[in-house]
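Sequence lines, in order, name chains A and B.
Heads up, the final residue of the first sequence is numbered 331 in numbering that gives the first Met the number 0, and it's a clean run with no missing numbers.
Heads up, the final residue of the second sequence is numbered 331 in numbering that gives the first Met the number 0, and it's a clean run with no missing numbers.
Honestly, the hints are just simulated from the structure, not real lab data.
Note that beta-carbon positions come from the ideal geometry of N, C-alpha and C, so glycine has one too.
There could be a bad hint or two in this list.
Said to hold, decoys possible - Label pairs and their in silico Cβ distance ranges:
1) B:P286 / A:Q37: 53 to 61 Å
2) A:T144 / B:A43: 42 to 50 Å
3) A:I284 / B:T144: 32 to 40 Å
4) A:P12 / B:T287: 32 to 40 Å
5) B:E13 / A:L125: 57 to 65 Å
Unchecked claim - Straight-line distance between alpha carbons at most 20 Å, and here's what the computed EDC-like set of lysine to aspartate or glutamate pairs gives:
6) B:K89 / B:D56
7) B:K236 / A:E13
8) B:K75 / B:E97
9) A:K236 / B:D56
10) B:K159 / B:D93
11) B:K89 / B:D285
What the hints assert, rightly or not - A short, non-exhaustive set of chain B residues, derived as facing chain A with CB atoms under 10 Å:
12) A219
13) P238
14) H242
15) R245
16) N246
There are 2 protein chains.
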Amino acid sequence: MIIDCHGHYTTAPEAHTEWRQAQLAGSSPDYPYFSDDQLRETVAGNQLRMMAERGIDMTIFSPRASAMAHHLGDDKISAEWARVCNDLIKRVADLYPEQFVGVCQLPQSPGVPIGNSVDELERCVLELGFVGCNLNPDPSGGHWTARPLTDRSWYPLYEKMIELDVPAMIHVSGSDNPNFHAIGAHYINADTTAFMQFLQGDLFGDLPELRLVIPHGGGAVPYHWGRYRGLADMLGKPPLTEHIMRNVHFDTCVYHQPGIDLLFGVVDHDNLLFGSEMIGAVRGIDPTTGHYFDDTRRYVDALDIPDRDKVFEHNVRRVYPRLDAQLTARGL
Amino acid sequence: MIIDCHGHYTTAPEAHTEWRQAQLAGSSPDYPYFSDDQLRETVAGNQLRMMAERGIDMTIFSPRASAMAHHLGDDKISAEWARVCNDLIKRVADLYPEQFVGVCQLPQSPGVPIGNSVDELERCVLELGFVGCNLNPDPSGGHWTARPLTDRSWYPLYEKMIELDVPAMIHVSGSDNPNFHAIGAHYINADTTAFMQFLQGDLFGDLPELRLVIPHGGGAVPYHWGRYRGLADMLGKPPLTEHIMRNVHFDTCVYHQPGIDLLFGVVDHDNLLFGSEMIGAVRGIDPTTGHYFDDTRRYVDALDIPDRDKVFEHNVRRVYPRLDAQLTARGL
């Protein structure tokens, strides 16, 4: 089977987004009611249609990343927003349990201890059946005021993740800094930044059971793999394969063939998870191929490799064991 | 001939660095005297030896990027520091005029108008014979408090660059933000960020004669070339080739063969300038090749391309016309 590890609910009902605007404006209307049919409509012609067209069986589905916007409002606002976003994901996953499984947004807020996110993670995993979370390394939205991900202040979340046996995808949200276009700079920079923080620190020496996913093909890292191998050496760290790549995985959200070729050429295939972030950052059709930029299955299919199944399925099930358990229970 | 467009004086005399420390500490000792022999010693066994070993004829040489540290001290401190750094580059270039040509550090300072850097640029170009400058898009050192490079506040420098017919390399300095390792994250992020700013804006529609170099192989951009082509389309911009790549060039500071292969595979060779940043970010030997990571000539030599000379020489002379004029005057 083919599992897409990186999908966001970018097509959520408009009233959901309007409620958020009202929330941020300080009014507190009741959260809108959505019928099952209304929710089906938001994905039937979008994610589900494309998954069918592309032959993708399942998507690990989370709230829209750019809309998490942890920098807006305070921690109560973020907690309320995370909860309704996660509940909405749960409803979609319940409508299409064979196609979607949930990953949660955390109620992060700048300057607020990450421990405040533990309850929502636990609720989503234990009560809603979610299999992971998205962790924002910069809840300030492009001002980068938090501590690096290797700092002990993040450990309460990591320890809960390990206890629950779920991974996190490191994923920033919108940018409040005019220097950084969200999906063109902030996302990619955050991926690169997170990797370099792991290189500098010893997070996985401390927490060897922690599993993380760096999206967008690892940011700039595979392209500069020689630089990072060399920096590990200069900083007196073990090789990347030992120091970082036992715990960190990259998805395949790289939107052209040469990028995917490089990714698979330099990174061990055990560290790669199929992902497309479809109907996400880049929605158009590549005029040089006639296909959607984000149809990453085509790029992976075009590779001459013997172990595509690892990337399409087995690695994803290994990194998300709660998903694996659900699939196994269904005889898959 | 082979011209390396990206070299910093990372081996400057220790007394030069000590003077900087004293300057920042508030004492103002006289700038130390260096004999010609002292200066020769700093490069003879370093850059000059490696250039000879690698068959590189000339290096476009600028003050150490990580030491510019525009975020330390005020604008007067930065002005004084830029001046002594540039004067030192001039002395090295005068000692080895066939091997080094100068590019200047600008006296930027957070919140201070870029117009304050115009005089030093003019001095370096007209009096010292320099052929370009390094422009820091984030003088705050990792806090990113300046306006994007497309903002009109940067135009006074751009207009002077056009008048003098010199390009700028977009190059950040050290990081004052613990999230960003300088050479492992901040440098690469800045490259990616600058490119995306150009994509969002219309700087080159306004200033079609402006020429810029994005170092480190363009940051993450070539690896995500499909993403950026798709984003240009989504933002209603012309194709990258028309919108950005008439004015922007990438160097070849990518420290492994697969990265260089990708760079040359996706970016028009007219936009590539040979660079190594030798004795810079990554100084070790790659155990997988037995050669220095930063020996980028090897990677370029290994390519099966017909137009290597463009990248080694002709593009560099086109982007740095004042260097071209100096070489032409010497019959080269």
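With 10 Å as the cut and Cβ atoms as the points, is B:R245 at the interface with chain A? Result: violated, 19 Å to nearest chain A Cβ.
Could you check if B:P238 really has its C-beta closer than 10 Å to a C-beta on chain A? Hint holds; B:P238 Cβ to chain A Cβ min 9 Å, cut 10 Å.
32 to 40 Å as the expected CB spacing between B:T287 and A:P12, which holds or is violated: violated (51 Å)
Hey, B:K236 versus A:E13, does the alpha-carbon distance stay inside 20 Å? violated (27 Å)
Hint check for B:A43 and A:T144 - Cβ pair distance inside 42 to 50 Å: The hint (42 to 50 Å, Cβ to Cβ) holds, given that A:T144 and B:A43 are roughly 45 Å apart.
Sort out whether B:D56 lies within 20 Å of A:K236, counting only the CA atoms. violated (35 Å)
Satisfaction of the hinted span 32 to 40 Å by the C-beta atoms belonging to A:I284 and B:T144: holds (38 Å)
Is the interface hint satisfied for B:N246? The criterion is a beta-carbon contact with chain A at less than 10 Å. violated (18 Å)
Given pair status - B:D56, B:K89, alpha carbons within 20 Å: holds (18 Å)
Hint check for A:L125 and B:E13 - Cβ pair distance inside 57 to 65 Å: The hinted range 57 to 65 Å holds for B:E13 and A:L125, with Cβ atoms some 59 Å apart.
Verify the proposed pairing of B:K75 with B:E97, using a straight-line Cα cut of 20 Å. violated (33 Å)
Take the shortest C-beta to C-beta distance between B:H242 and chain A; is it under 10 Å? violated (13 Å)
Comparing the model with each numbered hint stated earlier shows that hints 4, 7, 8, 9, 10, 11, 14, 15, 16 do not hold.
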